[in-house]
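S.K.: Protein chains in written order, with the numbering used here: chain A, 1 to 503; chain B, 1 to 503.
Just so you know, these hints were derived from the structure itself, not from any lab.
It is possible that some hints are incorrect.
Treat identical chains as interchangeable: a pair holds within one or across any two.
Claimed, not checked - Here are the simulated DSBU-like pairs of lysine-lysine, each with C-alpha atoms no more than 30 Å apart in a straight line:
#, residue 1, residue 2
1, 56, 98
2, 95, 142
3, 98, 179
4, 56, 123
5, 208, 56
There are 2 protein chains.
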Amino acid sequence: MSQAKFDELRTRLAEIADLVKTASLLGWDQHVMMPPRGAQIRAEQLATVGRIAHQKFTSAEVGNLIDELRDWGEQQEYDSLEASLVRVAARDWEKASKVPAELRAEMSRSAALANPVWVEARKNNDFKSFLPVLRKNLDLRKRYIDCFEIDDEPYDIVLDDYERDMKTKSVRRIFDYLKEHQAPLVKEVAARGQNEPHDHVFPLEQQKIFELEVVRAFGFTDDAWRLDPTVHPFASGTGIEDIRITTRYFDDHLGGLFGTMHEFGHGLYEHQIDPALERTPLARGVSLGLHESQSRMWENLVGRSLPFWRRFFPRLQELYPDTLAGYDVDRWYREVNMVEPSLIRVEADEATYNLHIILRFELEQAMLGDEFPLEQLPDEWNSRMWEYLGISVPDDTVGVLQDVHWSGGSVGYFPTYALGNLISAQLWERIVADVPDLYDGFEQGEFAPLRDWLREHLHHHGRKFTPGETLERVVGTSEIDPAPYVRYLREKLASIYGIAAPS
Amino acid sequence: MSQAKFDELRTRLAEIADLVKTASLLGWDQHVMMPPRGAQIRAEQLATVGRIAHQKFTSAEVGNLIDELRDWGEQQEYDSLEASLVRVAARDWEKASKVPAELRAEMSRSAALANPVWVEARKNNDFKSFLPVLRKNLDLRKRYIDCFEIDDEPYDIVLDDYERDMKTKSVRRIFDYLKEHQAPLVKEVAARGQNEPHDHVFPLEQQKIFELEVVRAFGFTDDAWRLDPTVHPFASGTGIEDIRITTRYFDDHLGGLFGTMHEFGHGLYEHQIDPALERTPLARGVSLGLHESQSRMWENLVGRSLPFWRRFFPRLQELYPDTLAGYDVDRWYREVNMVEPSLIRVEADEATYNLHIILRFELEQAMLGDEFPLEQLPDEWNSRMWEYLGISVPDDTVGVLQDVHWSGGSVGYFPTYALGNLISAQLWERIVADVPDLYDGFEQGEFAPLRDWLREHLHHHGRKFTPGETLERVVGTSEIDPAPYVRYLREKLASIYGIAAPS
């Protein structure tokens, strides 16, 4: 009886999962393939598919099935598909059913319409043209928050969408720790005055060859992955066997390469989920913070490590003999780890990155709280860039317009980037302990041990457990701890810049 | 009251139109972008979206709205959006509601799963591996036919899906005319013995440049169209402003170029539909035959015309100076109009093409009627190729496995290709009468007059009228008349091969 009800729930959730992945293709295509004049109708299609998925999920039928299965689910093994599916669906249902389908659809339509406006505004350094759609997105986000009961701070509501159970005040505490312990690192490095200006040329054709060689060594395969250029890189896909990462190229630095490694990390998480979870709401990463821990891990802990470059630097030098004349791997390693406050978040180094996030975290709370007129946002942005990073912002294209998120209505998303950095270091301490010859493998171009460790301990489970439960399983505590990240940073910067090593 | 009901109907149909176009993106992506291992989950997604669209359309709510609006609709201007929408929706509803949603979903899932099997089978000349999925598709198609009352022949049911109101016996009568009047042309040409063998090399890079120049002259614009390579070319898109055509390339002939012009014709039809019809079931071509009349028109009546090549041959020769050394435009014109029985339908010349269709038309009826064991299909194919075209088929890759249609479950589709050829000539006689300097324009690279004529007389209306009504509006008769096509062919071949001119 309960098994039959579970099967019915599963069938209904499978249909919804198909719609969610279909929406994900509509979104991928919109950003990667769609001719620009398709934007209007695409907004309708995204809204419709999102609305139907939402209506189907929040239907009384699904709600009743979940209610009827709650006790049965609790009697199943906690780790089992059955128990996990009922548990997670129940929690999702409770949240989703609080939001009217029409509001969801309007949020999705508004986001789709805002995207091309943002693309143009960014291109033309024209914040004014972006303002109305930003305002609309924010108003919708406030209406969204109003659907919920606020225990503590309104920002908790949006944060929880991306990082379940995370509270604004916890993030603030973590960020305060970073202000105290990470920000000084940047000053210590600056005091060494060792950064050499460099003026490189990296023609794109070789970049494309090189980054494919790198991600293929990492685990990208042509039969289950795609890599395409786009304006603002992201990872997406339609299933465990169809993973799509995107990138962009610059001809004066290799930021695109690190971006590609970053998106690979996201893609691998989705690709290594237990296939038994496909077509269920469990078939995705547990939270954005944990997702970001994977992208930052491949980008930074792997892609900016000395062992990685011992393997790949000779090849890079072969592709760019002139640009990299006079370089050895150590000099290159120092360069890709150069700490220097800069304008663009996605190009920021490991030591300054979190400061970009803290700025956005504070601005988002201020915008939701109407703490200043929205016209003033560029000024607020620019003054904080000066305060936190000592940087003067020349125009909005490289300032407040640089990120796609607000155009997509995503508020509460940014903090997960910094949390991901912190989690990546927490995980890394465990991985290095479990796989002692990890770095030797990197030097041989061997990344399977890392991939396998991640699959077994993290990816495989998909979204069966909460972020806290997941973290507890992997590192023994459910709390995000900023100390390992700061430790990792100080150690690296000690070796490169000669600042004081961790005590 | 009725207006409110109409608005509700329209909202519901808009949601369904969004789903239909979303399915169209899932399909385009499947054939053009998807990594191969995505096939399994894509089949589920296509089935789900198709099923939901079908369920929503065949719902009692939509049925009731249509019933309540029928009289009101008939009081509106026949050409109006209101009258047309109610009329077309009523007819679609009647057909669609006869087919269970689960059967629809199974057909769509089965087609999606069969596609990669067909791709492999074709690649490996392995009909046996294709047989089980073909059988499954055919069984589902028979179950589909069983959902309807058969007045005359079972094949009428599938034919009607692609060419509304068309009857098998009418097609047979038209095809008999072609056997009598078109087939002899091929023999007359063969008797002249003028074909020279040629062995060309057309490196792909220049083809890509040239075909873009051609379709851009025709009306392709980067802001609303895409052109991508695929295995079996088709036209698709997600809306009037997002048109996607696909092509493939060969390095020993320019078949890909003509294929691209063909798909352009399909794309232009969808692109020139009245924007007021967007997000309604009227926002597409009226039937496959009329659609094919557009693709064949741009491929053949434009793309294989002497005035077209007077404009474009110099450029082609510039791109291929070695390959086309010693050619002038007249020799090239004769070559692209060379009549010679050949293996591949999509590469067949204008004089033999319809014979490929007659073969498929007969085989489809035989397969639905179980007239031979399906294992025998390659033999049946090969013996008819010999009978109709005098050609011996060396393997199934270039024989029974050449076309995508049966892998997609499309039966009853092929005849519309031949009907399209015939309609294109019917339309052309009218266009040439209305636009006397049409050919002079082609020589100047001017295709707007043709585009505009087609928009005004055909494309603009979308699916407001039946194929018969549409044809009657444009050429004064609702009947497909094969005579203009045979006349056109005989005239062209008289000028090229010196066979007897039309009397």
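S.K.: If a hint holds in the structure, say so; if it doesn't, say that too.
M.R.: Structure-based check of all given hints:
{"no.": "1", "hint": "56 with 98", "result": "both (14 Å within a copy, 24 Å between copies)"}
{"no.": "2", "hint": "95 with 142", "result": "within (16 Å within a copy, 45 Å between copies)"}
{"no.": "3", "hint": "98 with 179", "result": "neither (36 Å within a copy, 67 Å between copies)"}
{"no.": "4", "hint": "56 with 123", "result": "neither (39 Å within a copy, 41 Å between copies)"}
{"no.": "5", "hint": "208 with 56", "result": "neither (42 Å within a copy, 45 Å between copies)"}
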